[in-house]
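**Q** The lines below spell out each chain.
There are 2 protein chains.
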Amino acid sequence: MRAIEINTRDGMARSGRLVTGHGAVETPVFMPVGTQGIVKAMTHRELKEIGVQMILANAYHLYLRPGDEMIRRMGGIHAFSGWSEAMLTDSGGYQIFSLGVLREIKEDGVLFQSHIDGSRHFLTPEKMVKVQENIGADVAMCLDECAPYPSSYEYTENSVDLTTRWARRCKEAKSQGPQMLFGIIQGGFFEDLRLRSAEELLAMDFDGYAVGGLSVGEPKTLMWDMVDAIIDLLPHEKPRYMMGVGMPEDLIEGVKRGIDMFDCIIPTRLARNGSLFTWDGRMNLKNARFTEDQGPIDATCSCYTCRTYSRAYLRHLLVSHELTSFYLNTIHNVFFYTEFMKRMREAIGQGAFDVFCKAFKTRYEGGEHDDNVERSVCNGH
Amino acid sequence: MRAIEINTRDGMARSGRLVTGHGAVETPVFMPVGTQGIVKAMTHRELKEIGVQMILANAYHLYLRPGDEMIRRMGGIHAFSGWSEAMLTDSGGYQIFSLGVLREIKEDGVLFQSHIDGSRHFLTPEKMVKVQENIGADVAMCLDECAPYPSSYEYTENSVDLTTRWARRCKEAKSQGPQMLFGIIQGGFFEDLRLRSAEELLAMDFDGYAVGGLSVGEPKTLMWDMVDAIIDLLPHEKPRYMMGVGMPEDLIEGVKRGIDMFDCIIPTRLARNGSLFTWDGRMNLKNARFTEDQGPIDATCSCYTCRTYSRAYLRHLLVSHELTSFYLNTIHNVFFYTEFMKRMREAIGQGAFDVFCKAFKTRYEGGEHDDNVERSVCNGH
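From first to last, the protein sequence lines are chains A and B. According to the numbering used here, the stretch in the first sequence is residues 14 to 394, in order. According to the numbering used here, the stretch in the second sequence is residues 14 to 394, in order.
Treat each hint with caution, since some may be false.
The list makes no distinction among identical chains, and a pair is therefore deemed to hold if it is satisfied within one copy or across any two copies.
[Said to hold, decoys possible] Listed below are the simulated DSBU-like cross-link pairs for lysine-lysine, each with C-alpha atoms no more than 35 Å apart in a straight line:
| # | residue 1 | residue 2 |
| --- | --- | --- |
| 1 | Lys53 | Lys355 |
| 2 | Lys53 | Lys299 |
| 3 | Lys299 | Lys140 |
| 4 | Lys299 | Lys251 |
Simulated from the structure, these hints should not be mistaken for lab results.
Okay, chain A solo, but in the shape it has when bound (with noise of 0.2 Å):
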């Protein structure tokens, strides 16, 4: 069985199905980031309703909090968290080398301090796959180190090479069982050296391959440098994952290249901030002008919050500091890129991606986009 099966392509643009244990997620999707095991200010019933296919949750915060092993005895995460759609873990990486002053990174593994309790640990690749393996999500993530941007080609070519070695020990770590294990390509901003972890990583036969490192700060047109250096060596028959992206511009150049998933922590931490997405641009609720306006965030939207609620009464709660805004705001933005991703998988499906990406590129980055968004938030997986 291939763990992805791509029905349609217009240019590079591809769709699919992902064949998950929990179903199949037709492709390209969008996982909304559920950390915990689910979208913050979500339950499950409203993910499902919205139409969310497949969410990502976090292996590092699980691992320390409640621990996987718990999670194993519970019957995994899909068990304990009630979720019966698909899942991803990513291993966390990402959120270990941010932590700083409060990690060193070895050969055999990363050392760091628990942000929870101060607590020391020491994953190496090979517990990292058991971590996930106990969770039990769909797929799961090798343990991968993403340098920071900027870094030095010396940093860079060390970083890859260590990567490479661990992605190594997590594939011969892993067990037999239905959980894909997913190679994440890294080498910064050098083509050289996200050609040289590709092959490398591609040599191993993984069950996808992700591009991880992007979306860190730097300028746009190196991030799509990079994933056009290295988009062609990909086998068709697995599936591609482009970590930590991004804003719905940034999915649709992702999609055009032929990319499968994305994930990014966006719509819902924009929601949380007021900052909504609409098919004429993304609106700051919190602006005056929307005060008395009695219409919804976006009248072409059919999400609950649109069909029940106007901008007047969403930026009172939002400005009251209301729970419910939290919660109002995020089932909005999350429609919105479940939808988005829907009418790309359509486009594609009838030969039309060009037309969809302009007619969207015309109506969304014509309108107007507030100030709330800084770059930083698209920031790691």
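Dock chain B against chain A, hints included.
**A** Frame of chain A, contents of chain B only:
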């Protein structure tokens, strides 16, 4: 048309229907607190699914933000918030008097500083009626003074007399229209002052009568003495509302005495703290012994939370400070209160209220109770 239609009596307990501009509300009823027109961490469809018939919003908060005039321009609180069922606004006198040094009581009204921006405001009884008419809930409350506990006889007497004069001014200021206006019986913990307050307000012929100033730190026996002192005076054909009460055992005692309406922040605030009501007592979800407990909060409960999530996972969300935790716990506690009132109404209908009370007390009070509850959470309206 009478505001309340009493269908059944069982001892002093009574069940019926409160007729409002937004439907008939089956009584006795518990109103969850929705300060801004929405219950914290809830959406309106969740409240409707749970079976919530009526919520309580706060005129003081809405006056300060977004402003009652603005709500009037939006078509009133129902149109503004999207809540289509019954709603009552408390005047917010309790919140104003709780401001302490930030407020000054004068004969004409109360001078206070906004807790939001420090701006100074002067609210008179007439203004408070106008504010609530602008907000446009189904029931409005008179501006009253809620004396702190303990207060001297002299202080309380002056306070009662002021509350009576303010009530008269509220009544005179009221416009024609479907909005009901309730008087609030004060009198601290002096039976003669409670009687005086009740008699003076009854002479003014309000649409309903509330008992205020209870559950402010006094012993419970004292609280019930005050209700017992005046309950026989209250006309049978008008709704009776006990403000800021309370725990399930308090609701039983209130219903037993013929009270029709209650509100309290207890179920929602305790939910956010992880203190959850069950038919076998109240549990503190933080307790370590629930860490791997795969059962629901309450095996006999049919709320979404109990149908879907285990204690172990709910505890994990709580200790991880996930927003979804507030949401799922609130669903459960509001469901419990709603179901509890429904069962009391059914018991009254069957002439079996005493049987219900005994069975409930044996099971609930015989169960365990977390120590997570400060008596103070029950304070006030």
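**Q** The structure should be examined with respect to each hint, and the outcome stated for every one.
**A** Against the structure, the hints:
no.: 1; hint: Lys53 with Lys355; in the structure: both (22 Å within a copy, 33 Å between copies)
no.: 2; hint: Lys53 with Lys299; in the structure: both (21 Å within a copy, 20 Å between copies)
no.: 3; hint: Lys299 with Lys140; in the structure: between (45 Å within a copy, 29 Å between copies)
no.: 4; hint: Lys299 with Lys251; in the structure: neither (43 Å within a copy, 43 Å between copies)
This entry does not satisfy hint 4, going by the numbered hints stated previously; all others are met.
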